[in-house]
Structures are given as C-alpha cells and as structure tokens.
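Please arrange chain B on chain A, whose structure you already have, making use of the hints.
Residue numbers (numbering that gives the first Met the number 0), protein chains in the order written: chain A, 0 to 243; chain B, 0 to 243.
These are calculated hints, taken from the structure and not from any lab test. Just to be clear, a hint being listed does not mean it is correct.
[To be verified] Listed below are the simulated DSSO-like cross-link pairs for lysine-lysine, each with C-alpha atoms no more than 30 Å apart in a straight line:
hint	chain 1	residue 1	chain 2	residue 2
1	A	Lys11	B	Lys176
2	B	Lys95	A	Lys11
3	B	Lys32	B	Lys95
4	A	Lys11	B	Lys11
5	A	Lys238	B	Lys83
6	B	Lys206	A	Lys83
Protein chains: 2
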Amino acid sequence: MRYLITIEYNGKNYSGWQNQKNALSIQQILEEKLSFLLKEDIKIYGSGRTDSGVHAVNQKAHFDTNSGIQMHKIPLAVNTMLPKDIRIKGIEKKDKDFHALYSAKRKIYLYKFYVSRISSPIRDDYYAQVIPPIDFEIMKKGGAMLTGEHDFKAFCSARSGIKNTVRTIHRIELEQKNDEIFLEIEGNGFLYNMVRIIAGALVFLGKGKLSLEDIKQALETGDRKKAGKTFPARALYLKDVIYD
Amino acid sequence: MRYLITIEYNGKNYSGWQNQKNALSIQQILEEKLSFLLKEDIKIYGSGRTDSGVHAVNQKAHFDTNSGIQMHKIPLAVNTMLPKDIRIKGIEKKDKDFHALYSAKRKIYLYKFYVSRISSPIRDDYYAQVIPPIDFEIMKKGGAMLTGEHDFKAFCSARSGIKNTVRTIHRIELEQKNDEIFLEIEGNGFLYNMVRIIAGALVFLGKGKLSLEDIKQALETGDRKKAGKTFPARALYLKDVIYD
Numbered sequence: 000m001r002y003l004i005t006i007e008y009n010g011k012n013y014s015g016w017q018n019q020k021n022a023l024s025i026q027q028i029l030e031e032k033l034s035f036l037l038k039e040d041i042k043i044y045g046s047g048r049t050d051s052g053v054h055a056v057n058q059k060a061h062f063d064t065n066s067g068i069q070m071h072k073i074p075l076a077v078n079t080m081l082p083k084d085i086r087i088k089g090i091e092k093k094d095k096d097f098h099a100l101y102s103a104k105r106k107i108y109l110y111k112f113y114v115s116r117i118s119s120p121i122r123d124d125y126y127a128q129v130i131p132p133i134d135f136e137i138m139k140k141g142g143a144m145l146t147g148e149h150d151f152k153a154f155c156s157a158r159s160g161i162k163n164t165v166r167t168i169h170r171i172e173l174e175q176k177n178d179e180i181f182l183e184i185e186g187n188g189f190l191y192n193m194v195r196i197i198a199g200a201l202v203f204l205g206k207g208k209l210s211l212e213d214i215k216q217a218l219e220t221g222d223r224k225k226a227g228k229t230f231p232a233r234a235l236y237l238k239d240v241i242y243d
Numbered sequence: 000m001r002y003l004i005t006i007e008y009n010g011k012n013y014s015g016w017q018n019q020k021n022a023l024s025i026q027q028i029l030e031e032k033l034s035f036l037l038k039e040d041i042k043i044y045g046s047g048r049t050d051s052g053v054h055a056v057n058q059k060a061h062f063d064t065n066s067g068i069q070m071h072k073i074p075l076a077v078n079t080m081l082p083k084d085i086r087i088k089g090i091e092k093k094d095k096d097f098h099a100l101y102s103a104k105r106k107i108y109l110y111k112f113y114v115s116r117i118s119s120p121i122r123d124d125y126y127a128q129v130i131p132p133i134d135f136e137i138m139k140k141g142g143a144m145l146t147g148e149h150d151f152k153a154f155c156s157a158r159s160g161i162k163n164t165v166r167t168i169h170r171i172e173l174e175q176k177n178d179e180i181f182l183e184i185e186g187n188g189f190l191y192n193m194v195r196i197i198a199g200a201l202v203f204l205g206k207g208k209l210s211l212e213d214i215k216q217a218l219e220t221g222d223r224k225k226a227g228k229t230f231p232a233r234a235l236y237l238k239d240v241i242y243d
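Only chain A is shown next, with the shape it has when bound in the complex (with noise of 0.2 Å):
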C-alpha cells in the first residue's frame, strides 16, 4: 500500500527536512517512528526538500508498507511517538505510480516579515525584520517582474550545482497587514534557496538597495550579486504543495 501523509513541522530544531549525517532530520523521525509503529523498514519520500530551520505547515510525503493496520490509526498512533514540534496531519491513499515529488504540480510557500526599527521579541523566531521606511508598491512590481517562466540562476544558492534553473512562478502576493507583510509564491518548482532569495531581493528593491532593473538584469544575467541577499530561513513556511 502506498500512503500520502500531510506533515506539520516547527523548523526551529532541525537540520532540515532530508536525512544528513550528524544532525538531525524530520524525514529520519518520521522514519523511525513509522518503521517502529508498522514493524518494517519504512523509507519516506518527501515532495522536496526544506532547509535547515524552515518550517512547515503543509509539508507532503509517501511512503509503501505491507503492514494491514488501519489507516486512520496511523496519524495517532505516530503522533503520540512524535517530539511536539512534529505532527501528522492527514493520511490518504494513493497508487503505486504516485510520487511525493515527482507528482507535485505545484508548491506554495509563505515568507512573513514584520517591519520595525526595533525587533521584536515576540515575532522574533517566525519573521524576518524589516527596517523602515519600505515601498510596498515597488515590491509589488518586483514579484509582478519575477511572475511567470524564467531562468531563476541569479536567485539560487551557487551551492545547489543543478543545471536547468528555470522554473514558473505562477503567482507572487505581497499583502500588508498593520506592521507586516505576506509573500506568497507558488510556482511548479523552487532552486535551492530560491524563496529566501526572492525574499530579500524584494525588501532590497523596497529599501532602494536594488532596482527594477537590477531584478530584470538578474533575471536576464543569473548574476546573484544582482538579487540581494539570501533572507533568514526561519521566516519561511512551506505552506502546501498541489497534486492533480
């Protein structure tokens, strides 16, 4: 039986989604737990990767087992297992030609900032800082800029190494509520790295540190000195990811 299970996860104390050596991964948790609770080898394909202190609320992932239990005891029964930062959330059934990854079409994720000349301590571990003044609108014309198909080269780690960078965002949304701002994007693919970067280019181009043209010319060179600078990953959240 193949199974899809949604994953919510508090990014704050891990290495990331992917098993690593010597440190300490959601997937190899999970693993552990599944493996324990449905008494075999359970290996759990994730639709992508998360970095280091990114966190989840919609994170999907599959997984094969022979084991006959029930289902809709799985979430329960491994949750209770689970550290808190850590929950199942829902668990479907699916073919044997669905992949967690290879099937997604798409992937949302949301990136919080709250503007503020001084931190703030209670928003300090989920959002990234903003100084101001910031120019909303601008912003807004630089996701309008980064909508649609492009070679995202300039707004990926150098560490990734991968060849094909170009990927379609099919939506950015920035929204402002009293003192902080919402960027949505989803797109059928994101570079290593690649929301954090759209991040800070965008805060740049409102801070006047870049310009429209610096975001054009990143996207037409895949110069990364051109897109800003790579924004904190505790303020990201991988909010969904879409399947047929």
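The following block gives chain B in isolation, referenced to the frame of chain A:
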C-alpha cells in the same frame, strides 16, 4: 527625571515580570542594564506583574534617574545590551506624580487559541489548543456575561490572597479567523491568573463542560470550581496599558 518606558518581551524563558529569588525576571534584567547604562542604582516600577511564560506586546514601567543622558538614547543603548527576547520600544518623560502601576486606568490582554484536533507545531509556543467542535456563539454570550463590574473571586487563583476581588471588565471581544480564536479583554484591573481563568471558562462553555448558568453561579458564589480550568501562560499577551 521620571521616565515611562514601553517594553515588548517574549515570556518563554522568564519567571515573569517581577523580581523573585532564584529565578530570572524581566524586571531584574532591565534594572541591571539601566543601572549599568545610567551609572546609578535604577529601580523600575511596572504596570503590574505578568506570570511566568506570559508575553507582553506593550508592558509599561517607570523609573527615576539623575543621569543627564538624552532620553531618546536610552532605548537604543539598553537594547544593544538586552537579550533578544526583551526590547524597549519607547520612552517618554513623566511628572513625579505619575506611577506606572497606580496611574494605570485600564489594561488590555490578548489570548490566542487555535481550534484543531491535532496540535500545531508552528503555533504551539504561542497559542493554546482547543479541540473541535467549539460553540463560538455561546463563548460570546459568556463574554458578555462577564463584562461589567463583578466580583471576580471565582476567576482568580486562590494563591492571590487579595481581599477586594471586584473589578470592571469594559470589553470582551472574541474574534474567529480561519481556525484561530482571539480573545481580547479590557479592564480596570486584573486579579492573579484572571485572564487565563476567563480563557479557560469560555472554552469550557464552548465545549459544553460549563453552562451559562455555571458562569452566573461562579460570579454570584465566588466558587473557583465553577469557572473551569486555568489556561496556559504561553498564549497570553499583555497588549497595552492605558493612562490618562
């Protein structure tokens, strides 16, 4: 010179606002840093205590100093010395007859819930969980019943030892947003654990574990047992203190 400061803090790592033996308080840290900066023994007077783990968006406190330092330099200078979970957000000059506690006319508290069968790793540090279903309308009726001048003896911790338990609640607002509930309470003063007990009583109402008749009885008899359970500190925020 008497100064009033506005402080934001994340209560997670502290024993509360007020100085205590063998425990780290926010007041103590602020007094240490202000004393160091102003080169004299500074004693600060808060608008009131907050319990261990309770947060403040806008706590208020005053202190006297003979230092000739320019007022507007104090927040920045102290903030660079403070741990990142405490920040001075503002400062203003006050007359000698002003007192952060005795001059306070009203206080506003915010309590945050999320309604979900499964606990939420991302919100767990800052919200209280409520298991669905919950009757939001009866919670609002309970809030209306508690509004006004009442003897809140049933809504304070027995440990308080205070004599006069009559207080006026000017406003109780309950707002539902997606799967979250926000409870805002404005009153002329609050007893020990009062907001956390009201939060618990309203949830017990919504869950059918208490009736409106129980709330009425709790107000009339002062019987703590009629008012449900004290809800956790981590979901409580001192939002503002109002002076004339």
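Here's how the hints hold up against the structure:
no. : hint                  : result
1   : A:Lys11 with B:Lys176 : holds, 25 Å
2   : B:Lys95 with A:Lys11  : violated, 46 Å
3   : B:Lys32 with B:Lys95  : holds, 23 Å
4   : A:Lys11 with B:Lys11  : holds, 15 Å
5   : A:Lys238 with B:Lys83 : holds, 27 Å
6   : B:Lys206 with A:Lys83 : holds, 24 Å
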